[in-house]
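*Asks:* What follows is the residue order along each chain.
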Amino acid sequence: MNFFESIQRVFKWGTIGFLRNGTVSFSAVLVTTIALFMICSTMLANFFLNGTLRSLEDKLDINVYFSVDAKEVDILALKAKLDRSQEIAKTEYVSKEQALEEFNVRHKDDELTIQALELLGTNPLSARLNIQATSLDKYEGIANGLSSGSLVGAEFKDGFIDKVSDNRLVIQRMNNLINGVRRAGSILAIVLLSISFLIIFNTIRLVIYISKNEISVMKLVGAGNATIQGPFIVEGIMYGVVATIITTISFFPITLYIKNHTQDLYGGIDLYSYYIGHFFQIFFILLGAGILLGCLSSLLAVHKYLKNI
Amino acid sequence: MIFFDKVTKKYSDDSFGLNEVTLSIQPGEFVSIVGHSGAGKTTLLKMLLIEDRPTSGNVFFESVDIHNLRSREITMYRRRIGTVFQDFRLLPDRTTYENIAFAMEVIGRPDSEIENDVPHVLDLVDLSTKAWHFPHELSGGERQRVAIARAIINQPDLLIADEPTGNLDPVNTYEIVQVLKRINDMGTTVLLTTHNKGVIDSLERRVITMKQGTIIGDDPKGKTTMM
Chain A
89 MNFFESIQRV FKWGTIGFLR NGTVSFSAVL VTTIALFMIC STMLANFFLN GTLRSLEDKL
149 DINVYFSVDA KEVDILALKA KLDRSQEIAK TEYVSKEQAL EEFNVRHKDD ELTIQALELL
209 GTNPLSARLN IQATSLDKYE GIANGLSSGS LVGAEFKDGF IDKVSDNRLV IQRMNNLING
269 VRRAGSILAI VLLSISFLII FNTIRLVIYI SKNEISVMKL VGAGNATIQG PFIVEGIMYG
329 VVATIITTIS FFPITLYIKN HTQDLYGGID LYSYYIGHFF QIFFILLGAG ILLGCLSSLL
389 AVHKYLKNI
Chain B
348 MIFFDKVTKK YSDDSFGLNE VTLSIQPGEF VSIVGHSGAG KTTLLKMLLI EDRPTSGNVF
408 FESVDIHNLR SREITMYRRR IGTVFQDFRL LPDRTTYENI AFAMEVIGRP DSEIENDVPH
468 VLDLVDLSTK AWHFPHELSG GERQRVAIAR AIINQPDLLI ADEPTGNLDP VNTYEIVQVL
528 KRINDMGTTV LLTTHNKGVI DSLERRVITM KQGTIIGDDP KGKTTMM
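Which chain is which? The protein sequence lines are A and B, in order. Under the numbering used here, the letters of the first sequence match residues 89 to 397, in that order. Under the numbering used here, the letters of the second sequence match residues 348 to 574, in that order.
So here's chain A without its partners, still in its complex pose (with noise of 0.2 Å):
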């Protein structure tokens, strides 16, 4: 009998297995379901959380407030050059009438403010830049440089610039927790990782266990250790292939309804959109997961059963 054949006929006894012992590969395909819920909704979790956090970091800027005669082509040529730099993502011009534009709808509602702009006569707001950096550690510098000058550049006269606010104790607490979230993260996924390889690991051993007088049969009429583990090993296949089936398309409601409960909090992370356009990537994942907990468990559980006296 051929390589093929012999092939053949493990996954044939292999299926045969999954499919007559019914309980049994129900109580295996829940385990390995379960581990690999979490597998899933650690990588699900990892990309909410850094859209969660990236939104936050968009929110983070400098913002460099020119002296009232400053001129605005002058700004308008500091922009343009700030937009060559390397560490700045992205530089947004605010006119002195943009600005009063701004504070008179943040003020609305306060009646007494308005009316003491309103006597002023003139706009006593100035001109700014809002800058926002390609990433968190860059802010320091950059407020550094336009404080000092550095970033500026001598064809600018002194007083040019009023003031530059960095938010920095903001930008270094931000920059604190972002990096603290993601070791956390990074963590946590590690060890759901192991206990869910773990999980899957005793149900299967549990499940050889049950069979182990089918293995001493076995045994007896002769069979080689490979002719053994085989068809367990392609049990182990089956559960992860199944169990990954059923992931897959229970994530579907449950993002749906992330997404509609969350969306609007959390500075619109679509949860559900980006399951949908990864679902072939996390759908392989998790089968190469499934099938590899299995693969290994069987492996590992069927061994001490092999060795002869």
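Take the hints with a grain of salt, since some may be wrong.
Said to hold, decoys possible - With beta-carbon atoms standing in for the labels, derived distance ranges:
| hint | chain 1 | residue 1 | chain 2 | residue 2 | range |
| --- | --- | --- | --- | --- | --- |
| 1 | B | Lys558 | A | Leu380 | 47 to 57 Å |
| 2 | B | Asp565 | A | Leu380 | 55 to 65 Å |
| 3 | B | Val518 | A | Leu107 | 54 to 64 Å |
| 4 | A | Asn90 | B | Lys558 | 32 to 42 Å |
| 5 | A | Asn90 | B | Ala478 | 49 to 59 Å |
| 6 | B | Phe407 | A | Gln96 | 37 to 47 Å |
| 7 | B | His383 | A | Thr103 | 42 to 52 Å |
| 8 | A | His349 | B | Ala478 | 52 to 62 Å |
| 9 | B | Gln525 | A | Ile337 | 22 to 32 Å |
| 10 | B | Phe407 | A | Glu93 | 42 to 52 Å |
Treat the hints as calculated values from the structure; they're not laboratory data. The model shown is predicted, which means the values in this text are computed figures rather than measured ones. Note that the Cβ used here is the ideal one computed from N, Cα and C, for glycine as well.
Dock chain B against the given chain A, drawing on the hints supplied.
*Replies:* Here is chain B on its own, set in the frame of chain A:
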């Protein structure tokens, strides 16, 4: 064919499974091993099946010390022996046909040979109508006949039957013994352990009597001497 050379299995200072057993079995013999529970019958078979190792002494099968065999050689050795147990030891999730075919599949026999041989053996044990039944759908006697069919499908050199009638009624017991006699008549060496006096007396073949791990009697045309 089989030679036990002063085989001892010691569990503790005052507990012996076997105590310096020396025994020789020729090809084609039908040998019954009798004794009360704890006499050492099953321990003897475990030594032969390499399910346990002797504390001292050697077990030879066709002049080869079987307890010095490597793992792969043990697998090949076991294929030359058919085994039948009191608790049948069938694979519960496979049908009668599949249980018998399994013994051929594990040694790599092609599907064509399996499809040819299994029906013949089913005829031999009178189970042709039960080919697609699962073990839980069969009676005790039928399950034992499936076990015997599985044990002989590869035409082994030796058939070991460890208390094969222990769970059966007298009618099934008689049928099983007749099947074993038929197999022996076809040239297979048969080693039967039992404590059923009626079986032994009806066989009129060699009887080895054991007590407390030692051989106390060896009668070539045996009536049991136990009790």
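*Asks:* Hints the structure violates: just list their numbers, smallest first.
*Replies:* When the structure is compared with the hints, numbers 3, 4, 5, 9 and 10 turn out to be violated.
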